Amino acid sequence: MSATKFPTTRRLRGFPRYAFLFSVPVLLLAQSLFAQEPKATADIFSSALAQLKQQTHLPILLPDHLPPLAQSSVYARASADNDSYSVRIESDPDCNGANACFLGIFRAKRNGHLSYPESLNLATKTGKPVAARYKATSCGGSCSSPSIEWKSNGVLYTVQLTLHTESEQQARTLMTDLAQESISAGPR
Amino acid sequence: MPDPITAAFQQCQQLGWIPFFQSAASDNSFAPELLMAMGYRESNLNPKYLTVPGDNGHGYGLLQVDIRSYPDWVNGGFWKDAQLCISKGAEILASKRDGITAAIGQTGITVKTLAGQAFTFDGAPISGANLLRVTVAAYNCGMWAYYHYSKGHDVDQGTTGQDYSKDVLNNTARFQQLLNSA
Chain F
64 MSATKFPTTR RLRGFPRYAF LFSVPVLLLA QSLFAQEPKA TADIFSSALA QLKQQTHLPI
124 LLPDHLPPLA QSSVYARASA DNDSYSVRIE SDPDCNGANA CFLGIFRAKR NGHLSYPESL
184 NLATKTGKPV AARYKATSCG GSCSSPSIEW KSNGVLYTVQ LTLHTESEQQ ARTLMTDLAQ
244 ESISAGPR
Chain A
7 MPDPITAAFQ QCQQLGWIPF FQSAASDNSF APELLMAMGY RESNLNPKYL TVPGDNGHGY
67 GLLQVDIRSY PDWVNGGFWK DAQLCISKGA EILASKRDGI TAAIGQTGIT VKTLAGQAFT
127 FDGAPISGAN LLRVTVAAYN CGMWAYYHYS KGHDVDQGTT GQDYSKDVLN NTARFQQLLN
187 SA
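Chains as they are written, first to last, in the working numbering: chain F, 64 to 251; chain A, 7 to 188.
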């Protein structure tokens, strides 16, 4: 197994996609056998989390571990305001938001609405199920990765990940587990 | 140092790609700056993606044409040619526009996920700027863009990062400025 090195910071280029007032890009490089093994999110999101806590009043929900992603290098950038936050993860430090190097996004928005086509219930530690909705990979010329969304205390949470999986069914299972883990872990 | 969009545009000029965008746009009744903005969103217009796939090995070329939807085109190696990438992207985009236009007013339209699950919706009236926005979103997520539009949702709900058409159309204005000043 290769050595894990955290964090390696580099100078950031512009990231115009996020125009939130208090946007502060955060960059972490996680090098490991990431495509084959789940990765502890603390390794990836620690700096982003510190920024988000300063910029938003929303409860920040993240899983303890990420499922296997498509690439071994992960760069996280966070942005937030009072009523929303997002953490985008990419495989290239100069990705500039391109789909080619998109690995995923964690978003939260106050007063958002569930809109994905498939309804499901997430199990939680309290025993009270949480209503959620799911969309599988969807394609036009390019493709959009699977996503899951759920509401908690008036906040819409959405996670979309480019997973390293063998099937759409496996992706659905991993995304559902991730959402349940995020809820059970509670606000960060 | 130029901003990333200006840098990408200047690289397109240096590599002689601008006429490819103009020709593909003209052939399919789009603006060249729209195709450039889509290429930027898909690949940063980085020539690296003429040699290696992106999106977990699924997206090929400057417009990240997906091998799951267009296996013959990808396996034919056409994605290694910038001009063919741009013309294929424009052709696919036009097919999305035509598909949405043909579905306007229809009931019980079926859309399927890659997992094979089918969902239905009724096609809402759409034209002009909204049709363009949904068409752009459909390049990334197919008829799901029209599904969300018809359901009254944000058309980017089903796209990568939930901001695909918004981002492309914002950057279209930037590329238009650069084209006009070139």
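Hints are computed from structural coordinates only; laboratory data are not their basis.
Remember, it's a predicted structure, so these values are computed and weren't measured experimentally.
Incorrect hints may appear among the rest.
Stated by the list, open to error - Once the Cα atoms are required to be at most 30 Å apart in a straight line, the calculated DSS-like pairs of lysine-lysine come out as: (1) Lys118(A) x Lys172(F); (2) Lys86(A) x Lys54(A); (3) Lys116(F) x Lys188(F); (4) Lys116(F) x Lys214(F); (5) Lys54(A) x Lys214(F); (6) Lys188(F) x Lys172(F); (7) Lys191(F) x Lys214(F); (8) Lys118(A) x Lys172(A); (9) Lys118(A) x Lys214(F); (10) Lys172(A) x Lys172(F); (11) Lys172(F) x Lys191(F); (12) Lys116(F) x Lys191(F); (13) Lys157(A) x Lys118(A); (14) Lys116(F) x Lys157(A); (15) Lys157(A) x Lys214(F); (16) Lys191(F) x Lys172(A); (17) Lys86(A) x Lys172(A); (18) Lys116(F) x Lys172(F); (19) Lys172(F) x Lys157(A); (20) Lys157(A) x Lys172(A); (21) Lys188(F) x Lys214(F); (22) Lys214(F) x Lys172(F); (23) Lys172(A) x Lys54(A).
task = Could you tell me which of the hints above the structure violates, numbers in ascending order?
result = Of the numbered hints, 5, 14, 16 do not hold.
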